[in-house]
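When you get a sec, could you build the whole thing from the sequences and use the hints?
Residues per chain are reported as follows:
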Amino acid sequence: MPTPTDRRYTKEHEWVRVDDGVGTVGVTDYAQDQLGDIVYLDLPAAGTPVKQFEKLGEIESVKAVSDLYSPVSGEVAEVNEAVANHPELVNEAPYEEGWLVRVRLADPAELDSLLTAEQYDALIAEAQAE
Amino acid sequence: MTAAASPLRHTPLYGEHLALGARMVPFAGWEMPLQFAGIVEEHHAVRRRAGLFDVSHMGRLTVEGPDAAAFLRSLVTYDVARIAVGEGHYAVICRDDGGILDDVYVFRPGEERLLVVVNAANAQRIGEWARARLRQGSRAVLMDRQTETAMLALQGPEAAAHLGALAPAVAQSLAARHCTEVELGGTIAFISRTGYTGEDGFELVVPAADGPGLWRSALGGVERGVQPCGLGARDTLRLEAALALYGNDIDESTNPLEAGLGWTVTFDDGADFVGRQALLRVREAGVARQLACVRALERGVMRAGCPLLHDGRPVGRLTSGGFSPTLGASIGLGYLPTELAAVGTELAVDVRGKPLRAQVVQRPFYKRGKAG
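Listed in order, the protein sequences are those of chains A and B. Residue numbering for the first sequence follows the working numbering, starting at 34 and increasing by one per position. Residue numbering for the second sequence follows the working numbering, starting at 30 and increasing by one per position.
Keep in mind that the hints were calculated from the coordinates and are not lab data. Among the hints, erroneous ones may be present.
[Stated by the list, open to error] Derived DSBU-like pairs: lysine-lysine, alpha-carbon spacing no greater than 35 Å straight-line:
1) K44/A / K88/A
2) K383/B / K84/A
3) K396/B / K383/B
4) K44/A / K396/B
5) K383/B / K88/A
6) K84/A / K44/A
Below you can see the structure in the form of structure tokens.
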């Protein structure tokens with residue numbers, strides 16, 4: 034699956050796509066593939082303040098639990114109810130229907146500290162070479 | 030678990046796993062497939078159709094000779110004399126104090142020939158432990174057959190149909206927990222109707238060189254619908270069937286009576302197996318705790334190690350935990366004080382600081398239907 038170029042990435046394998054000051058957040062295809070079958074998500078409720086690179090929630094696969102980190106600071110505007118009921122959406126469409134939360138950005142300049150698609154791909158290539 | 034300094038061992042099927050693109054992981058000193066298509070897909074394949082596992086990492090010891098049965102009886106909790114030729118039985122190997130050294134499957138393919146399948150992580154030490162108990166002059170010969178053989182498990186409601194393509198007579202007539210030896214593709218194969226999934230199925234042992242060929246013919250091409258499965262599905266399947274995993278649910282700090290394995294312990298033949306005295310004392314006093322099946326009543330995933338709370342008080346920990354693909358809920362096993370181990374007891378499971386409502390339920394979580 035090609036890494037979409039319309040968004041930015043964290044080293045922890047989250048992505049954020051910003052439209053009108055609201056960032057849609059999810060995990061990357063590489064992340065979902067590494068995690069395996071996702072069975073549960075623990076996500077913050079709408080209205081919860083979040084901080085860049087701090088814990089956003091937890092993602093549980095059959096194998097293990099992993100922490101999710103927020104790529105941006107702000108306030109949770111919306112939680113994807115579809116993934117709460119069907120966590121497998123994260124495996125099936127990590128960049129589209131499998132998004133997790135929407136965050137109203139506190140500081141759009143934070144995006145500059147995130148990776149581009151190209152930089153993220155380089156990171157994955159490096160991880161896979163190990 | 031920390032990585033061992035020694036290089037990982039490969040089963041005779043290692044090349045097959047790589048060719049199928051399996052995700053490989055270290056496990057008990059072996060490099061084994063974690064998954065092929067994905068844990069949930071493999072899990073459902075075994076529940077609904079058939080799956081094939083490489084279980085060559087399990088230890089295989091043979092005990093042969095006129096004293097074979099008597100010698101093995103002195104080591105395991107179950108009365109080996111009750112295992113007729115062509116049968117198998119699950120048993121436990123205990124320390125003197127009743128702590129569990131390993132759980133094993135004992136097969137009797139011949140009057141004076143026994144096959145003992147032991148856990149991968151324990152294979153070496155059980156072999157050494159058994160050898161140390163072999164008295165001089167005993168007419169029992171203990172052999173480690175692991176490296177010279179491969180072991181496959183074909184599991185699922187359609188397992189018999191698929192085995193039928195390879196060994197029709199066995200597929201038709203071999204009863205549950207029985208075993209036989211047959212010619213299969215020019216070699217002699219040991220086949221038992223056993224497994225670790227809660228489904229019907231077979232386990233096959235063949236010479237190592239014949240392993241890849243058997244693996245390929247058992248898979249029989251994608252269209253035949255046998256799904257190659259890895260350790261991930263093996264774990265979710267055995268957990269649903271509430272089958273204990275050594276190192277998690279049973280170990281040297283647990284005894285077979287509290288683990289719900291009393292049915293593997295024979296006292297009345299009078300044999301002085303290792304641990305007998307200690308287990309008799311446990312039986313007399315009654316077990317203080319019991320391994321219970323715990324099911325989450327709300328969303329979230331319980332994991333091994335999560336504390337179990339009753340009325341806000343810690344009463345135990347989960348020894349296994351995870352997500353049940355069949356039930357669509359989290360399930361786990363854990364020791365509870367006997368008075369709390371009854372079905373229906375309400376618990377809270379501390380999942381990384383968050384309490385999750387849960388309940389003790391009937392063992393096992395999943396039991397296959399009688400039909401099929």
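Verification of the supplied hints:
For the hint pairing K44/A with K88/A, the CA-to-CA distance comes to about 14 Å; that is within 35 Å, so the pair holds. With a C-alpha separation of about 21 Å, the suggested pair K383/B and K84/A falls inside the 35 Å cut-off, and the hint holds. Between the alpha carbons of K396/B and K383/B the distance comes to roughly 30 Å, so the proposed pair stays at or under 35 Å and holds. Taking the CA atoms of K44/A and K396/B, the gap is about 43 Å. The hint is violated against a cut of 35 Å.
Between K383/B and K88/A the alpha-carbon distance is near 15 Å, which keeps this suggested pair within the 35 Å criterion. For the hint linking K84/A to K44/A, the alpha-carbon distance of about 16 Å falls within 35 Å, and the restraint holds.
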